[in-house]
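Dock chain S against the given chain X, drawing on the hints supplied.
The lines below spell out each chain.
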Amino acid sequence: MPVFSALEFTGTIGGQLMSLSSTDLTIIVLYFILVLGLGAYLRKFTSSGDDFFMAGREMTAWIAGLSFISANLGSLEMMGYAALTYQYGILAAHAYWIGAIPAVLFLSLVMLPFYYICKTHSVPGYLQLRFGEATRSLSAISFAVMTILMSGINMYSMAVIMKVILGWNIHFSIWISSLTVALYVMGGGLLSAIFNEVLQFMLIWLGCLVIPIAGLIETGGWSGMVQRISRNFPGQDFTHMWRTLGSFADNPMGVHWTGIVFGWGLAISFGYWTTDFLVVQRVMAAKDLRSAQMGTIIGGFFKMMVPLIVIVPGLLALAVLPFKLVPESMASVPGAHTYNEALPLMLSRYCGPGLLGLGVTALIAGFMSGMAGNISAFATVWTYDIYKPLIRKQATDTHYVSMGRWCSLLGVIVSIGTAYLVMNFSSIIVYAQTIFVFFIVPMFGTVIFGMMWKRTTPAAGFWGLFAGITVSLLLWLWVKMDPSAIRYVAFSSHAKDMAENVYRAMWSLMANVLVTIIVTGFTKPKPEEELQGLVYGLTQVPSMAQLPIFKRPVTWAAAVGVGFILLNIWFW
Amino acid sequence: MTIKKMIPIWFFVGGLLTIYGVLILAAGVHEYSLPRDSTVAMPNLHLQIWWGIGLLILGITYLARFRPGR
Chain X
1 MPVFSALEFT GTIGGQLMSL SSTDLTIIVL YFILVLGLGA YLRKFTSSGD
51 DFFMAGREMT AWIAGLSFIS ANLGSLEMMG YAALTYQYGI LAAHAYWIGA
101 IPAVLFLSLV MLPFYYICKT HSVPGYLQLR FGEATRSLSA ISFAVMTILM
151 SGINMYSMAV IMKVILGWNI HFSIWISSLT VALYVMGGGL LSAIFNEVLQ
201 FMLIWLGCLV IPIAGLIETG GWSGMVQRIS RNFPGQDFTH MWRTLGSFAD
251 NPMGVHWTGI VFGWGLAISF GYWTTDFLVV QRVMAAKDLR SAQMGTIIGG
301 FFKMMVPLIV IVPGLLALAV LPFKLVPESM ASVPGAHTYN EALPLMLSRY
351 CGPGLLGLGV TALIAGFMSG MAGNISAFAT VWTYDIYKPL IRKQATDTHY
401 VSMGRWCSLL GVIVSIGTAY LVMNFSSIIV YAQTIFVFFI VPMFGTVIFG
451 MMWKRTTPAA GFWGLFAGIT VSLLLWLWVK MDPSAIRYVA FSSHAKDMAE
501 NVYRAMWSLM ANVLVTIIVT GFTKPKPEEE LQGLVYGLTQ VPSMAQLPIF
551 KRPVTWAAAV GVGFILLNIW FW
Chain S
1001 MTIKKMIPIW FFVGGLLTIY GVLILAAGVH EYSLPRDSTV AMPNLHLQIW
1051 WGIGLLILGI TYLARFRPGR
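Going line by line, the protein sequences match chains X and S.
Count the first sequence with this note's numbering and you get residues 1 to 572, in order.
Count the second sequence with this note's numbering and you get residues 1001 to 1070, in order.
Note that these hints are calculated values from the structure, not bench results.
Treat the hints with care, since some could be wrong.
Simulated coverage check for chain X against chain S, where a stretch passes if three residues somewhere in it have a Cβ under 8 Å from a Cβ of chain S [stated by the list, open to error]:
(1) 20 to 27
(2) 196 to 202
(3) 363 to 369
Only a predicted model underlies this, so the values are computations on that prediction, with no experimental measurement involved.
The beta carbon of each residue, even a glycine, is placed where N, CA and C say it ideally should be.
Just chain X, with the same shape it has in the complex (with noise of 0.2 Å):
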């Protein structure tokens, strides 16, 4: 899920962090090397346009499961929350708990047997088999307007990232990066985007590891740590999840409880997790329903584990950085460095040449596996749900395929275009990150009442996912022009930026659910015939009980369950 607002960069910038040596930038062109071999070879095994655009479906539960994650694992995602992490403590690991997991085992067990068995290409193109065309087309030109624009701002931060952490030259980092990316995507659709994004989960996993191992040996384990933090920041509580959230101003995000839950484990997470295409095109791409399942298991269970190398980074900054890391408003101080420096600045603490070759090529990584994510499900979307309905409506499967590979181009270079529009107003990442966050939050009440209700009406759809999108734009709007009117907006006028994002988020769904279920009591449902295979009780799910219980979805779900709960409760 995009960052909310803590990565700004406002563009000034200090000396480089870091120098590589001739092994690290080995490392670096090796791994550009494989990842464009790798589009060449897939390219010859994608000819039809569900190669294309759903690799086939053809995907293990392993496969699709890393792919699943990895591309979410952006490195502005690994930055951000290590920036987080050192602005709000262990509090930020709610964005890969109850702001994850649940959802994610939602998505699993409840709502992919559906996305499943339509057959459809996209979370787009069910809506156009539950609610219409109109729904289908208000939430595609949406998530295609957003894709990119997230896409082009990803792209100019990390190359910032890289100009602060290496020195590279801005203009070299956009264009080496994004067409490297470009050409292994038109190459081979999905399948390319999935296979390196099995790569680059490795290598995050790999170059990222090795900064909480080293860094709990030095502060002599968790507590030691938690000691260390303690003597660094007395009178404030980094280390503890909940116990602080009882009231508004005893926690540095200035959040309750309720925001947490409400907001951000039920309308953001669910949104996100759930409806948003990006990540839910790769479990739709495995060979049968139980891959898909187990893969969104799989997903979870390591999403739930990356805390370890985002998380606990940004609690080691705490504890062991001899200075204070500050805004990135106070980035033109001679000699600062900036929240979102986190990561870096314990890469290079701990990793000598080698190691910190792999650890900038995690980072390049974790950029290159969020921006594919972007634009193959961009491709699709384009292609399946606004090209082939609204532009042309008759053509072959090979000329829908050629526009697949010419609009992953096209989505690279107008993301190219927007990064370097965002170099020249820099406040729009803020906002087009609150604004992305907000289209994919009502698409799931949207979804969710079109899978669950058969009751639920095409205008219901349309206008539902309409109120929610307008609530939400209006209220970011509203809190802009008069900053005081987050104390109606968050319940509190400590609500930090983060905090305002899930209460806005709540109130948006909430304007969702209501006009759904108004339109729906007023005008005239689709016949249940219409509705086979689309809605829960019309709809033959697979039963799995035929399987042995340790291959059931099920029981794997109720594992990773079972960890998040434990996991909460540990670190209370």
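Using the frame of chain X, we list chain S on its own:
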């Protein structure tokens, strides 16, 4: 398309990790044999050597387990 005809992605992963293992191990041995003022915390841990060996073992395991035609 059939995925069965492809070289498994894990084979490519194994190849890259093996090469990375060799490079990082060599860098670690080089640092160990030519001690100088280190820029990293806890240089006596020799993380590069341990990490290099770990990557090498992982990479070779993947190469052997997922080699084409196995």
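**Message:** Tell me whether the statement that chain S covers the segment 196 to 202 of chain X is true, taking a Cβ distance below 8 Å and needing three residues at minimum.
**Reply:** This one holds; 3 residues, not fewer than the three required, reach chain S with a Cβ under 8 Å.
**Request:** Go check the segment 20 to 27 of chain X versus chain S for me, would you? Three or more residues, Cβ under 8 Å, otherwise it fails.
**Result:** holds (count 4)
**Message:** Verify this for me: three or more residues of the segment 363 to 369 of chain X with a beta carbon less than 8 Å from a beta carbon of chain S.
**Reply:** Coverage by chain S is violated for the segment 363 to 369 of chain X (0 residues, Cβ < 8 Å).
Violated hint: 3 only; the structure is consistent with all others.
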